[in-house]
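Participant: Top to bottom, those sequences are chains A and B. By full-length UniProt numbering, the letter at position 120 of the first sequence is numbered 120, and the numbering carries on one by one without gaps. By full-length UniProt numbering, the letter at position 99 of the second sequence is numbered 99, and the numbering carries on one by one without gaps.
Don't take each hint at face value.
[Said to hold, decoys possible] Straight-line Cα separation of at most 25 Å, DMTMM-like style, residue types lysine to aspartate or glutamate; simulated pairs:
#, chain 1, residue 1, chain 2, residue 2
1, B, 178, B, 130
2, A, 181, B, 12
3, B, 61, A, 11
[Stated by the list, open to error] From the derived model, a few chain B residues whose C-beta atoms are all more than 12 Å from chain A:
#, residue
4, 58
5, 64
6, 71
7, 97
8, 106
9, 109
10, 114
11, 140
12, 144
13, 166
14, 173
15, 174
16, 176
17, 182
18, 184
These aren't lab readings, by the way, just hints derived from the structure by calculation. Note that the Cβ used here is the ideal one computed from N, Cα and C, for glycine as well.
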Amino acid sequence: MTSVSFNSLIDQLNSAEEVVSYKEILLRCPFSRCNCRIIPFKYHLSSFDDKNTVQISETPECAVVDNATLEVINPQTSKDEESTKNKNKKKKFFKIGDAWDFDNIGVSRPSDIAQPIIHGAEGSSGPVEDQGKINIQRYLVCADCDRGPLGFAGFVVDEDEKKYGEEEEEDGDARIKNANKLVYFLSCDSVKYELR
Amino acid sequence: MSGARTPSRSYDMIMKLLLVGDSGVGKSCLLLRFVEDKFNPSFITTIGIDFKIRTIEVNGKRIKLQVWDTAGQERFRTITTAYYRGAMGIILVYDVTDERTFANVRTWFSTVNQHANDDAQLMLVGNKSDETDNRAITKQQGESLAKELNIPFIEASAKTNENVDEIFFQLATLIQDKVSQDQLNNDGRGSLNVNKAAGAKAGCC
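With the rest of the complex left out, here is chain B:
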């Protein structure tokens, strides 16, 4: 809290993640839970979430995620470079009921590659998987696009909350593996250096 920074922070690594994709694919919904409750004035669904800090545990390590929603920024297609700066993970979202948003994934992919860090981990997410009646893109189509782009893929439903936590957990795990691997490569003795992982902060906030 204010002014009381302990020398060793209560986490092993921090990661900035970004949700991108066409307008209407449900990026915001992946950050919001829409808990219906008499106490919920639903003000937050109107204003929207800019970012969330979440702490998760991956392989015994405490990882802090800062997840940014880029909704409302889509019309700048490039989203602005500030969003990409330091982002270690980027979630490309499309809507399984909307062919157009799926077709645009390629454009998003190249835009992201243009602006994001070279080592940013990408992930493809087909949202609204609960809408079986309106589905326009099969899971296989999603899988084969992901394979082509060489990125992991998952279908999720913000509405039913299916696989939503999985997105962030899988992405964080992939990033952590990558960072650990880099450290192994950089460190001749092959020992993990947690301090180096914590040092990733400098690049991501």
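Here chain A stands alone, though its shape is the one from the complex:
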């Protein structure tokens, strides 16, 4: 059993054959003294590659796991210049359509701290038609230690139903109804990968 960062995992999968001997990948909370089990990766290991992720730019800042130490680099201590550069960089996320797929996750209340709308594209260079607008609403945090953000959740904006999620702050009915339609984006760089 061994734990690695996302980049190391991808490197290993691309270069070493020994990785195939592992049966399962568990995504875990990277923060110190936590290690909470977040979600198992269900694909066969050999299919674990970039195709399973979506790339999104200008996302809210998420925790980043350092390749070497597996410690979390605090996004807020990074230099401003660097942070701006990072912001515009496309980041990889696992897209999860159902909250029940998670073993453990915390979902924040709706908040406008997150940027309201971003563009998401399936795959690295998909056609424009495949891109979707996502109305970011909530942060994902560890269910055990409440630290994060490990990603975010939002609604894929339907052009016919643009008003989704605008009224929920006051109305619990809408809040629940909307929550059932949330799409979850778990940041690939914000979790540890345990190979079993």
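Position chain B against the provided structure of chain A, taking the given hints into account.
Facilitator: Relative to chain A, chain B alone:
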């Protein structure tokens, strides 16, 4: 993950649980841990948690809980029916240092009974049990109210984390027992059918 749903999911049962009670009794705190850490930007304590998914094991079965915090909704006293829809467990919270919140438990009880599923399992929780100096409601008072309402009771402290996991574990166990019992009653041969338990999903999300 996206699009890759395995036929058999990695759990035996899912349950939607709800935290209700007066404003200020600490419902949100029962969902939050307030880990103090240099990495914790405490953004989450400001925004608050809407719900958490937690996976626990009860009697060898993996149970996924979705726990909803209704904080901020109290002024709608009825909380809105959507919260109650499909909730299998409802946690009535009061503050042991605040008599008023204890008195309001009865109102919450009848509201919940009005809106929740008939078979929803209720539980009474006296929060802030660590505040011995400010305590206004004794444990005995809590116990006797719970007895009167015929629901289980536990005192907890979100601050010290005492009994917090117990709340969810006990409630899940009670619900699981109930569902198993129903299945025994429905199934002439008396064998447990896990598929039926998993079928509970339809009613709770």
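Participant: Hints numbered earlier in the text: which of these fail when held up against the supplied structure?
Facilitator: 1, 3, 5 and 6
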